[in-house]
Amino acid sequence: MNSLTYELNQSPYDAIKKGIMKSDWTREKEILKLLIVLLPISLYLLQVVLSVTGHETDTLTTGETTLGWFLEILFAYLATFIFSIEILFSSRIALKGRLFGETIRTQTYKSLYTVGAPISILSIILFIANYSESLTVITYFFAYFIMTSIIFILFLKFFEPISIFIFVKLINWWRNRKEKVRITNNRNVIYVLTYSVFAVVAYLILFWVSYFGYISAFPNGDAIIESANFNQNQSLLYAFGFDMINLYNFLTLTVLPLTISIIPIVYGLKKLYSKSLGYLTFFSIILPISILLPMFGAFGLVTFGADFYWITGQTSYTSVFGFNFFTLRSAGLDATLIENNILGYLSIPYIYTRYIFNIIIWSLITSYIGKSFKTKNVPKDENSLSKMIFSNVDELMHFDDYIAGEVPYLITQSDDFKAEDLITERDEIKELMSLLEKEKLLSELTPSDENEKKRFYFTLKYLYSKGFVEIFRPEFSYDTEIVEKQGLYIIYDDGRGLFDYSFSKEFDQDPGLISGMFSAITSFIKETTRSQDLLKTIDHGDIRILIEYGDRIFGAFFIKGKQSTEIRGQLKEFVSRFENKYAEILKNWNGELIHFKEDFKLVGQVFKEE
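The sequence shown begins at 0 in the numbering used here and counts up one residue at a time.
Calculated from the structure, these hints are not laboratory results.
Just so it is clear, the structure is predicted and the values come from calculations on it, not from any experiment.
For every residue, glycine included, the Cβ atom is placed at its ideal position computed from N, Cα and C.
It cannot be assumed that every hint is accurate.
Label pairs and their in silico Cβ distance ranges [stated by the list, open to error]: (1) K465 to K109: 51 to 59 Å; (2) F158 to F320: 50 to 58 Å; (3) D550 to L169: 35 to 43 Å; (4) E427 to F99: 46 to 54 Å; (5) S22 to Y316: 37 to 45 Å; (6) I150 to E597: 44 to 52 Å; (7) S22 to I290: 44 to 52 Å; (8) I402 to I584: 29 to 37 Å; (9) K437 to T253: 44 to 52 Å.
No more than 30 Å apart at the CA atoms, straight line, and that leaves these computed lysine-lysine pairs for DSBU-like [claimed, not checked]: (10) K32 to K109; (11) K375 to K16; (12) K452 to K270; (13) K580 to K28; (14) K21 to K607; (15) K379 to K16; (16) K571 to K375; (17) K168 to K600; (18) K559 to K379; (19) K571 to K600; (20) K95 to K439; (21) K274 to K168; (22) K484 to K452; (23) K379 to K437; (24) K429 to K370; (25) K535 to K375; (26) K109 to K28.
Using the sequences and the hints given, assemble the complete structure.
This is the structure we're talking about:
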């Protein structure tokens, strides 16, 4: 775990906004293509499972089906598998500087395409041969699978950033689980406890209000639900009533509990340093009550159990003056799930965790709205540093936490601060704000004298209350070896050098020689190994050469020390920005280097020190 590194330098909320605004859907298309390849296999697997469990005779015309549960469980496992691979890829998680998430994704998708395509064709043939009479099942399965796949990839950009954040938090917690840091404001767990109790009371009141509201609004609700069965024709009034019941149930049994659950967590975590302690406290109150409430005829804040029926579309008609007018209505299918068969066992993790994960994910998204992240490299010794990722706090740290000095807070000028604000301030404030033109760790600013240390806290409190400074606390960190940058070379795909930059005066190599060397090495490897994989790293003593590829160019970065996700990420960004900047020139490059002479500015932007 100590050798793991990752790339996360913005808040989940900012990452969500950036992902949604980005118009590149290449990755989503790849995932959709993969899911379509797996569709015939899933279809054949459906009939096999239904046959083994003794439900092969269930059809949609009976008004009950196991199909819905199979689809739900299958896609939950399939989506979890694909989503996990995407998280490993997008988080740029690396072991000793090597991005294994990217390798896992490439190899897995390649294997699934290679093996899945012929198996899918075979599955279609076997299905037609054995289950040709199940045309209705095929139609519903195909439509649901495609619909769910599209929804999955559309929401990928929304849920992936917060999932990466949770993943990195778990890595950081496991890595530092043995470290004992005394955080005074963990005493503020009483806030989470109090808010949780208020949430339960509020929910019980609103639940019984909504229950009696349901009885008043739908006095014949049971009859409406029964008439909505898939194999029955329903009156127009009852069809409208069924839609209203579903909407009412969604608001009162899904939206209301989720909202009431999120509020105490969001406000409680503002008072608490440890998020894990906050969630542990909250669920220790909520879960037992949610288990007990169904015994008294009520639903809990967290629902445990299977759905009663599935909602689908069904053609319906009404007769007017002897003519039948057809339309589409919402219909219900009894959700058959026999708990002692394979579907029952496979559904257990899904049924009992979906609402818990809903609460965790939505509360974290809400908590990090408006949060800003900062990254800082903190030297540990002459050979290593700690890369720390901070988020801004909602309130000033407790005095006892400040005195203990165990949390490395980061202090910086706020974005709203202006120099004119200091005109009437005393010299001490002006001097301190001058120091904060560049962000500083709290330990760098804190006086050593005990009396001055106490005085400085109240000065900091004053600056924070005035909005002059922002305070950031560490979210996670990892240690990495200090890397000494040597030289950067951008090379055309035919081996000609485009641009070079030396970070060290001692490193002065002939660009033409370097370009020729890479051209020879890559040609040699392709010819001798017959491999289509691209060369990514070359190790030679204490020098490492990192290589990243674009469409028409590739970049070679010479460093001393171990590679890291940060260094490789910078190289990849530079290659991408360089290629985008000169896209038209690179299409038919004639060898002129004058176009690229000013790109040392781009080097400064990309390879900047945190």
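Each hint tested on the structure:
no.	hint	verdict
1	K465 to K109: 51 to 59 Å	holds, 57 Å
2	F158 to F320: 50 to 58 Å	holds, 51 Å
3	D550 to L169: 35 to 43 Å	holds, 36 Å
4	E427 to F99: 46 to 54 Å	holds, 51 Å
5	S22 to Y316: 37 to 45 Å	holds, 44 Å
6	I150 to E597: 44 to 52 Å	holds, 46 Å
7	S22 to I290: 44 to 52 Å	holds, 46 Å
8	I402 to I584: 29 to 37 Å	violated, 60 Å
9	K437 to T253: 44 to 52 Å	holds, 48 Å
10	K32 to K109	holds, 12 Å
11	K375 to K16	holds, 23 Å
12	K452 to K270	holds, 24 Å
13	K580 to K28	holds, 26 Å
14	K21 to K607	holds, 24 Å
15	K379 to K16	violated, 34 Å
16	K571 to K375	holds, 21 Å
17	K168 to K600	violated, 35 Å
18	K559 to K379	holds, 18 Å
19	K571 to K600	holds, 17 Å
20	K95 to K439	holds, 29 Å
21	K274 to K168	holds, 10 Å
22	K484 to K452	violated, 39 Å
23	K379 to K437	holds, 20 Å
24	K429 to K370	holds, 27 Å
25	K535 to K375	holds, 27 Å
26	K109 to K28	holds, 15 Å
Of the numbered hints stated above, those contradicted by the structure are hints 8, 15, 17 and 22, listed in ascending order.
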